[in-house]
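Student: Letter by letter, the chains look like this.
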Amino acid sequence: MSLLEVNDLHKHFSLRSGLGQSLTVRAVDGISFDLAQGEVLALVGESGCGKSTLALTLMNLEVSTSGKVLFNAKEITGLKGRALKDLRREIQMIFQDPYESLNPLMTIEEIVAEPLKVHGLAKAKPERTQRVKKALEDAGLNPAESYLNRRPHELSGGQRQRVVIAAALVLEPSLLIADEPVSMLDVSIRAEVLGVLEHLKLERSVAMLFITHDLGTAAHFADRIAVMYLGRIVELGETKEVLENPQHPYTQALLSVIPVPNPRLRRKHIILQGDPPNPIHIPSGCRFHPRCPVAIASCSKTEVALTSVGENHQAACLLLRNS
Amino acid sequence: MANTLLEVKGLSVDYLGEKKAKALENVSFSVPEGSIVGVVGESGCGKTTLMLALLRLLPQAGRIVAGEVLFNGLDLVRLSEADMRELRWQELSIIFQGAMNALNPVKTVENQITEVLLRQDSNKAKASKRVDDLLEMVGIGRNRKSQYPHQFSGGMRQRAMIAMALACNPKLIIADEPTTALDVMVQAQILELLMRLRSELDLTILLVTHDLGVIAEACDAALVMYGGVVAEYASIDTIFNAPRHPYTQALLQAFPDHTKAKTQLISIPGYPPKLDDLPPGCRFAPRCSQVFSKCTMTSPPLLSYGEGFASCHLLENV
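Sequences listed follow chains V and L, in order. All residue numbers for the first sequence refer to the working numbering, where the first residue is 21 and numbers rise by one. All residue numbers for the second sequence refer to the working numbering, where the first residue is 25 and numbers rise by one.
Quick caveat, the hints were computed from the structure, so don't treat them as lab data. It should be emphasised that the depicted structure is a prediction, and the values quoted were computed from it without experimental measurement. There could be a bad hint or two in this list.
Here are a few chain V residues that face chain L, going by a calculated C-beta distance under 7 Å [what the hints assert, rightly or not]:
no. : residue
1   : Val277
2   : Val280
3   : His289
For every residue, glycine included, the Cβ atom is placed at its ideal position computed from N, Cα and C.
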């Protein structure tokens, strides 16, 4: 059974233009996927493709426009009050910037204990400290004791990001939504933080939605990859399969331009010109067609849903459906 | 063999403050004319300080305390400020990290480039023609030249920065993280542009980045820096396929590579040194997996190993 099931989720924002017309930004525009317990799904795409909006909508930090999200087979769309608070114990989020997501005035112990306080858990001080220490150790901060009374400014970027992880872990959630959790960190530190997340997945069966623009990092860490373009998933499949046998022209282009740290592997780049179009004016038909190097006339007319292109591998492209 | 355009010999930079920070120590390398040399390292390794020192644009507290920077044989360290000003833009220029902050928000793109040109030659008609040519060269439509930076996307701003850097036909371009804040597709566009300009204009480029992938794709040689010193300097193939410094080796194992799905990344334990609190001996010793007693006592000199240079005591025993 899936832990998380997302069905045709939409999140639209309305904007008012200067002329009194109202415009719609279709940031998330029909997303469906599921996530099993202990599985890591990487959501990959360029800026503005809607990946962060999707995360916020799943967390109920943004109210979805339409569609359904099931968590443990229970619908969580539109939850409010007590029910929403209870859900947050199960789903926690890790943000990108460890310099901005920690309160500089609080000690590490206070920061990590705060979620417990909010949820009225572990009210006795010794038990609380115990749980904070355990979370810090799970996040790779050893010995935990030596961090309790320090404040964020005394820690390096990598240590701060582990504190952020510890604060998410202290409630023992079953799903983590991590929005670019390592992109601010240096390479040598990045691998370590990914190691902490990997450990959680293996030892605690925590499932993760790993949002990133970096397919390289996703390659090493994710079980499956979903490639997003303008609010939609255009390709979804097992990591190795998507990377070695990409089917959608967008995925192929994206993979061709990711720098590979191997000078003997310099390849031909498929460079798409221009910037991704804006989610206010989404092109008709396949939304990728104006930039697609292999588009045919009917691509501008027909919108294509994800179709199976292999075992556990789907892509949304007209050319794949015809062949 | 190509001429050496830039040769840096024993360059050291200190930042003065409560505690002196040795931001660069004994940095030496040379850049052949027409090549793209990558400078790679993590935050705080001194790559930006090195670029600023080459241009003599160090902040107030920064001092070049030793060494030479020979540009076509001329020692830039010893030049007067007035002479140095003559060289900037015309002989060597820089593309800064984060084009949004480097461009003036209240001037049009055309005006900003013209400003650079008029310093060299006050003929306005000539300057205007040159701006058109430059914008065409970097792929910005003429109809956009009277726009302001905020009307440009990130990639377009970076193109405008490149046009400005090229304005006075410099020989050497220093590009400091030119693609860091950009999406990967836009990054590919900018890198392609730089490589095309290199061959069309016979440019020599120093490309500073923390991304080993960018180095592998674009450069002929790479300088790997760690804690203010040169860890290794060699041709691109040597750096990636037969590196000799343990830091270069560790960095490669920590770097994600999408062609190697589901393999384990290996992190480097510990943290980079603080420049005002350096370990005795080799700066990498506290994190090095091959450390031995000598490493914690004396800092290794930069040694040649045939295909390149590395500062590591392990090379002394060979």
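Student: What are the numbers of the hints that this structure violates, sorted from low to high?
Tutor: none
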